[in-house]
Amino acid sequence: MKNPPFFYKVSFHFLAQDQNNELKHHSWQKEFHNSNPFEARKEAFEAFDDYLNNLEVNGRIEIDNYGNPKIISPTTVPEKPDFSEKLDSEDVTEMRDYIQKSTSYLLEFVETLDVLLIIEDDNLVDEIGYGDSTLAIHSISSHSFSKQEILDNLSREVDLYEKCNYHPFDHTVVIQHFGEDYAESGEEEGAENYAILPTPFKWITKEQYEECKEENEPVSELSEQNLWENIIDRGESNTLEFKSSLIYNFIPGSPNYVPRFNNAKTICGFLNSNGGILIIGISDDGKPQGIDKDLEFLGSKDKIKLEVDNMLPNYFSNSISSLIETSFVKIQERELLIIRVKPSSSPIFLKNYNPVANKTSKHFFVRRSASTTEIKDVEEIINYVFNHWNKN
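Numbering-wise (the UniProt record's numbering), the sequence shown opens with residue 1 and increments by one.
The hints are simulated quantities; they were obtained by calculation from the structure and are not laboratory data. Each hint should be verified, as a subset may be incorrect.
Claimed, not checked - Below, a list of computed lysine-lysine pairs in the DSSO-like style, where the Cα atoms sit at most 30 Å apart:
#1 Lys303 x Lys376
#2 Lys2 x Lys163
#3 Lys42 x Lys305
#4 Lys359 x Lys330
#5 Lys376 x Lys359
#6 Lys359 x Lys287
#7 Lys362 x Lys202
#8 Lys2 x Lys24
#9 Lys351 x Lys305
#10 Lys301 x Lys330
#11 Lys265 x Lys330
#12 Lys30 x Lys305
#13 Lys376 x Lys265
#14 Lys293 x Lys376
#15 Lys30 x Lys163
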C-alpha cells in the first residue's frame, strides 16, 4: 500500500553540561513513515514520550498550572536578555539588532522536543500548509511558544487527512482553548471549538482562564505531587516501571526474595539502558496503593531507605551506589517510594544467589519497550554492549 504524501518526525534539541560545566548541544531526529498515517502518528508520539521520560528521569521537567511539561534548562544557561525596550524604537538599526539578538539567543539556548508533520506534496504544502511544509503539532520547550500556532497546525492536520481521504473525523476529539490574550483578542464570548486528532497537550479551559485572570496569577509550577500524578498517568515505558512493594510478597506460595529480585532486575535494566524511574507502591492496574505493607514490616521510611542501600551491594557492585537515588512522595494519601536510576557508563551484571542450590549466578538485563528483558546469549550480550556503550 502506498504511503501518504506526508509523514511524521520527532525532533529533539537539548543542552547538557559536561564535567567542566560547559554546555554541549545535542540534537536528534527520527522519521516515521507508514501506509497508515494514524500508525505513523502513534509511533511518533510514543518516541516523544520516551524522550520526555528521559528528561523526567534526569530532573529536567517541571509542570505548569495547566498540567503541561516544560524543559528545565541547565543552571549555566544564561537568562534571556530583555530587548523589549527596542520594540517601540523607530530606528531600523535598533529593531534589526533586537531581532538578531533574540534570534541568536533562541538558536543557541532554547531546548525543544517536537512532533512535526512533514508535507511532501508541493500542492498540499501550498493548500494546507500555506507554504510551510513543516508543521509542529506538539511541543515542549524551555521557553514559551505559541499554543495558538500548534492548534492551528493541528487543524491543518485534520484538513490534510480529509483531503487525502483518511477519514480523520472517526478519530478526532473536540477541544476548546482560551489563550492568554483572550480578553483583548476581540473574540466573541465562548471560544471556538476545534476538532483535532488527540495529543497529550492540556488546553486552557475557560474556567482556568477566568480563575487565573481573577486572581491575577502567572502560570506557575504544580506541586511535586501533581508532577508524579502526571508521570504515573502516562503508564509504564522504557524509562518508567511500577512495582507493588519493595520487600513484601503479595504472591502466595512464592519465595520471599522474589520482590527484592524483581526490583533489582528493573534497576539493572535501567542501568544498562537509558536510566529510569522505579515507583514502588503502585498496584497491577497502575493505581497508587502505597507501601503500607513495607512500612509495617520495616517500621519507618528511614528503614526502607536503609533496605534499598543494603539491597544494592547484594545484587551489584558498590560502584553503582552513586547512580541510585531514593525519595518518597505522597499521592492520593498513599506513600510511594521513588528510585531514580541513572544510566551506567559500563555494563552491569546482576548477582543472584540461589539459597536452594547455594550458588550465585550472574544475569544481564536491559529495558525494551515497557519491560525488563534478560539477554542470555553471550554473542548477543557482546553486540548489545558494543552498540550501546560505543554510541555513548
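Outcome of the hint check:
1. Lys303 x Lys376: 35 Å, violated
2. Lys2 x Lys163: 16 Å, holds
3. Lys42 x Lys305: 39 Å, violated
4. Lys359 x Lys330: At roughly 39 Å apart (the allowed maximum being 30 Å), Lys330 and Lys359 break the hint.
5. Lys376 x Lys359: Holds, at about 18 Å.
6. Lys359 x Lys287: 37 Å, violated
7. Lys362 x Lys202: 45 Å, violated
8. Lys2 x Lys24: 40 Å, violated
9. Lys351 x Lys305: 21 Å, holds
10. Lys301 x Lys330: 12 Å, holds
11. Lys265 x Lys330: 25 Å, holds
12. Lys30 x Lys305: Judged against 30 Å, a Cα distance of about 39 Å means the pair is violated.
13. Lys376 x Lys265: 14 Å, holds
14. Lys293 x Lys376: Status violated; Cα separation ~34 Å.
15. Lys30 x Lys163: 25 Å, holds
Hints 1, 3, 4, 6, 7, 8, 12 and 14, counting from the list given before, are not met by this structure.
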